[in-house]
Amino acid sequence: MAERNDILVVKGMKKYFPVQGSKDKFVRAIDGINFTLAQGETLGLVGESGSGKSTTAYNVIGMEEMTEGEVTFRGQDISMPLSKRPLALKKEIQIVFQDPGTSLNPQRTIYDILSLPLKIHKVCAPRDYVKYVAALMDLVELPYEYMYKYPATLGGGERQMVAIARALATAPSLIVLDEPTSALDVSVQAKIINTLLRLQKEMDLSYLFITHDLSLMRNMSDRVAIMYLGRIAEIAPTQSFFQNPQHPYTKMLLSSIPVVSEEEEQLKPTQIHSAGEIPSPVNVPTGCSFHTRCPFARDICREKDPEMVEFEAGHTVRCHFCQAGKGFVLGGES
Amino acid sequence: MAEARGKIDITKIDESRLPKRDRIEHLQKIWYKFSLSKVSVVGLAIVILVVLAAIFYKFIVPYPEDVGAVVNFKAANQPPSMAHIMGTDPTGRDIFSRIIYAFRGALKMGIGCIAVVVPIGGILGLISGYWNGTWVSNLIMRLADVFLALPALILVMCVSSIMKPSLTNAMLALCVSWWPYYTRLVNNIVVSTRNEVYIRSAEVLGASNGHILFREILPNTLGPILTKMTLDMGWAIMAGATLSYVGMGEQPPTPSLGGMVSNGVGYLPDQWWLSVFPAFAIMLIVLGFNLTGDGIKDMLSDTE
Numbered sequence: 000m001a002e003r004n005d006i007l008v009v010k011g012m013k014k015y016f017p018v019q020g021s022k023d024k025f026v027r028a029i030d031g032i033n034f035t036l037a038q039g040e041t042l043g044l045v046g047e048s049g050s051g052k053s054t055t056a057y058n059v060i061g062m063e064e065m066t067e068g069e070v071t072f073r074g075q076d077i078s079m080p081l082s083k084r085p086l087a088l089k090k091e092i093q094i095v096f097q098d099p100g101t102s103l104n105p106q107r108t109i110y111d112i113l114s115l116p117l118k119i120h121k122v123c124a125p126r127d128y129v130k131y132v133a134a135l136m137d138l139v140e141l142p143y144e145y146m147y148k149y150p151a152t153l154g155g156g157e158r159q160m161v162a163i164a165r166a167l168a169t170a171p172s173l174i175v176l177d178e179p180t181s182a183l184d185v186s187v188q189a190k191i192i193n194t195l196l197r198l199q200k201e202m203d204l205s206y207l208f209i210t211h212d213l214s215l216m217r218n219m220s221d222r223v224a225i226m227y228l229g230r231i232a233e234i235a236p237t238q239s240f241f242q243n244p245q246h247p248y249t250k251m252l253l254s255s256i257p258v259v260s261e262e263e264e265q266l267k268p269t270q271i272h273s274a275g276e277i278p279s280p281v282n283v284p285t286g287c288s289f290h291t292r293c294p295f296a297r298d299i300c301r302e303k304d305p306e307m308v309e310f311e312a313g314h315t316v317r318c319h320f321c322q323a324g325k326g327f328v329l330g331g332e333s
Numbered sequence: 000m001a002e003a004r005g006k007i008d009i010t011k012i013d014e015s016r017l018p019k020r021d022r023i024e025h026l027q028k029i030w031y032k033f034s035l036s037k038v039s040v041v042g043l044a045i046v047i048l049v050v051l052a053a054i055f056y057k058f059i060v061p062y063p064e065d066v067g068a069v070v071n072f073k074a075a076n077q078p079p080s081m082a083h084i085m086g087t088d089p090t091g092r093d094i095f096s097r098i099i100y101a102f103r104g105a106l107k108m109g110i111g112c113i114a115v116v117v118p119i120g121g122i123l124g125l126i127s128g129y130w131n132g133t134w135v136s137n138l139i140m141r142l143a144d145v146f147l148a149l150p151a152l153i154l155v156m157c158v159s160s161i162m163k164p165s166l167t168n169a170m171l172a173l174c175v176s177w178w179p180y181y182t183r184l185v186n187n188i189v190v191s192t193r194n195e196v197y198i199r200s201a202e203v204l205g206a207s208n209g210h211i212l213f214r215e216i217l218p219n220t221l222g223p224i225l226t227k228m229t230l231d232m233g234w235a236i237m238a239g240a241t242l243s244y245v246g247m248g249e250q251p252p253t254p255s256l257g258g259m260v261s262n263g264v265g266y267l268p269d270q271w272w273l274s275v276f277p278a279f280a281i282m283l284i285v286l287g288f289n290l291t292g293d294g295i296k297d298m299l300s301d302t303e
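Quick mapping for you: the protein sequence lines, in order, are chains A and B.
The opening position of the first sequence corresponds to residue 0 in numbering that gives the first Met the number 0, with each subsequent residue numbered one higher.
The opening position of the second sequence corresponds to residue 0 in numbering that gives the first Met the number 0, with each subsequent residue numbered one higher.
Just chain A, same shape as in the assembly:
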């Protein structure tokens, strides 16, 4: 792990939202998570709705103030909210939101939108703004005719390209992708993903990629972290995550991907039926937060919160029954 060039390190991040009307109740959106992200790497964050994946993104970017924990970017502490971060830092970390229909101001032209980061960060001389905007449009393969058009006249995929170009304008090193394709047609999703992959190579970008689409994750990510109720259940390199999942929750999710052919069926892990819904983050179950839905739950799961266990190098699992090197072994049974 020593040779990894981690640019982002998240340690013990927590985000609690107060519940209105009751003093000591909190929504535990994120409940102590750790992860790292290397230069040029894509870390995928998956999870159901309400698992805290978007909140994690917003805390990394500083749109929300975290309750506890530490985030460092290239060794620099960035645990503070956006308003307290230096301008130079904002240049380095950018975000692409889910719905380009809402992330682009309808009253501003594409030129206005793309030249804003140039003006704020003085990327180039004012007389070069037009050229720079054109270069950005080339980067995401948008025709120049769109330059003075309003977002409403563009298609969904094209708008998302504008949002990506805006994020790239300051030549950042980390881009948070908050479900960048889930608001788009399937036909344009592939184009967006391919563009993102191409740009990552060209500009040596790191992505923190958030999605609930597991097959997309497989194509995009180098490593995958799966979140459940504000915690990371399992984090592993993509191949190991899909071929050798250890956590019962991961297995449950992977076995719920619909398949068509026999071969695909064989690739699936042991069938675990998905049961129930994710509990409310206000009343997180005691012990292991997944025990209410886990088919293997034992007494220990209801009482004791499991530790992160390193199953293989870079593959850690939060489960009582996961043993280093051996994987998932049910104790007490033979």
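Just so you know, these hints were derived from the structure itself, not from any lab.
Accuracy of the hints is not assured; some may be wrong.
In silico PhoX-like cross-links for lysine-lysine, where the CA-CA straight-line distance does not exceed 25 Å [what the hints assert, rightly or not]:
#1 Lys19(B) x Lys118(A)
#2 Lys121(A) x Lys83(A)
#3 Lys10(A) x Lys24(A)
#4 Lys32(B) x Lys296(B)
#5 Lys148(A) x Lys163(B)
#6 Lys118(A) x Lys296(B)
#7 Lys11(B) x Lys200(A)
#8 Lys200(A) x Lys130(A)
#9 Lys32(B) x Lys148(A)
#10 Lys296(B) x Lys28(B)
#11 Lys121(A) x Lys19(B)
#12 Lys130(A) x Lys73(B)
#13 Lys32(B) x Lys19(B)
#14 Lys90(A) x Lys121(A)
#15 Lys148(A) x Lys57(B)
The hints should help you fit chain B onto chain A, whose structure is shown.
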């Protein structure tokens, strides 16, 4: 570390291939949308005609001297004829000439109020909306509530009866009770726009408060403000006419539409032209602004 990353190269951009910003085309589109409703075009035509008539009254009216304190008993109380198309009043002055001149007072009232109320109300609304939930916004909004509770016309009458009744005083009093409507309108838009994802995006990029307030949020408020302004022009003119009807607006001998209606009331129904034509003039001008305002509202509502 930054050198290693692929930088954006602008040297290869061929400037001749870049499009030019075409503002005229944009205006043409706006006009096209507005012109879809024929009624609003009629309204706009009325407004333009009234404004032009008020500006160039000297060249339009047949008896420019009649706008002052002129007495000409030979021509008194004449019904509409070729010489006086709207008849004459009891001192022999041409009603048509006086109505055209009275447009000036009516427009002055409307434009004056709007020019004071919109910037003040708008800026207060921007501030209270942007810093929503802080003491600043609470102070502004509670103050607005207090002023909203004052009945506008009664306040105007109080002010006019304490100070000398005049058009300026009436206007000022109207403004005092009127700015909160704009503060509320703008406040509501800003509060809802504030949480839009594109504002978040601008914040992530590091945009200043000034930029977010005036470049990202303000353009979104202009449409509704424009609509309300146009509709309120009609309302202000109506209020001005009401005030001059009760003698608290423009003072004689300067003609005012409300004053002319009120002067003619005593001569009804025999000398009907004294009140009916000024009353029609009020109706026309208010109708013009209302139709235009509706047109603008429709034009903006289907921009998406």
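Consistency of the hints with the structure:
Between the alpha carbons of Lys19(B) and Lys118(A) the distance comes to roughly 20 Å, so the proposed pair stays at or under 25 Å and holds. With a C-alpha separation of about 20 Å, the suggested pairing of Lys121(A) with Lys83(A) holds against the 25 Å cut-off. Only pairs whose Cα atoms come within 25 Å are accepted, and Lys10(A) paired with Lys24(A) is accepted, the gap being roughly 24 Å. Distance check on the hinted pair: Lys32(B) and Lys296(B) sit about 11 Å apart at the alpha-carbon level, within 25 Å; holds.
Taking the CA atoms of Lys148(A) and Lys163(B), the gap is near 54 Å; set against the 25 Å cutoff, the hint is violated. A C-alpha spacing of about 34 Å is found between Lys118(A) and Lys296(B), which places the hinted pair above 25 Å, so the restraint is violated. Restraint check for Lys11(B) and Lys200(A): the C-alpha separation of about 20 Å stays at or below 25 Å, so the hint holds. Taking the CA atoms of Lys200(A) and Lys130(A), the gap is about 23 Å. The hint holds against a cut of 25 Å.
Straight-line distance between C-alpha atoms of Lys32(B) and Lys148(A) comes to about 17 Å, which keeps the hinted pair within the 25 Å bound. In summary, the hint linking Lys296(B) to Lys28(B) is supported, as the alpha carbons are separated by about 15 Å, within the 25 Å threshold. The suggested pairing of Lys121(A) with Lys19(B) holds, with an alpha-carbon distance near 23 Å, which does not exceed 25 Å. Annotation: proposed proximity of Lys130(A) to Lys73(B) is violated, straight-line Cα distance about 77 Å (limit 25 Å).
Among the hinted pairs, Lys32(B) with Lys19(B) is consistent with the structure: their alpha-carbon atoms are about 23 Å apart, no more than 25 Å. Taken as a hint, the Lys90(A) and Lys121(A) pair is honoured in the structure, with Cα atoms around 11 Å apart against an allowance of 25 Å. Between Lys148(A) and Lys57(B) the alpha-carbon distance is near 46 Å, which puts this suggested pair outside the 25 Å criterion.
Comparing the model with each numbered hint stated earlier shows that hints 5, 6, 12, 15 do not hold.
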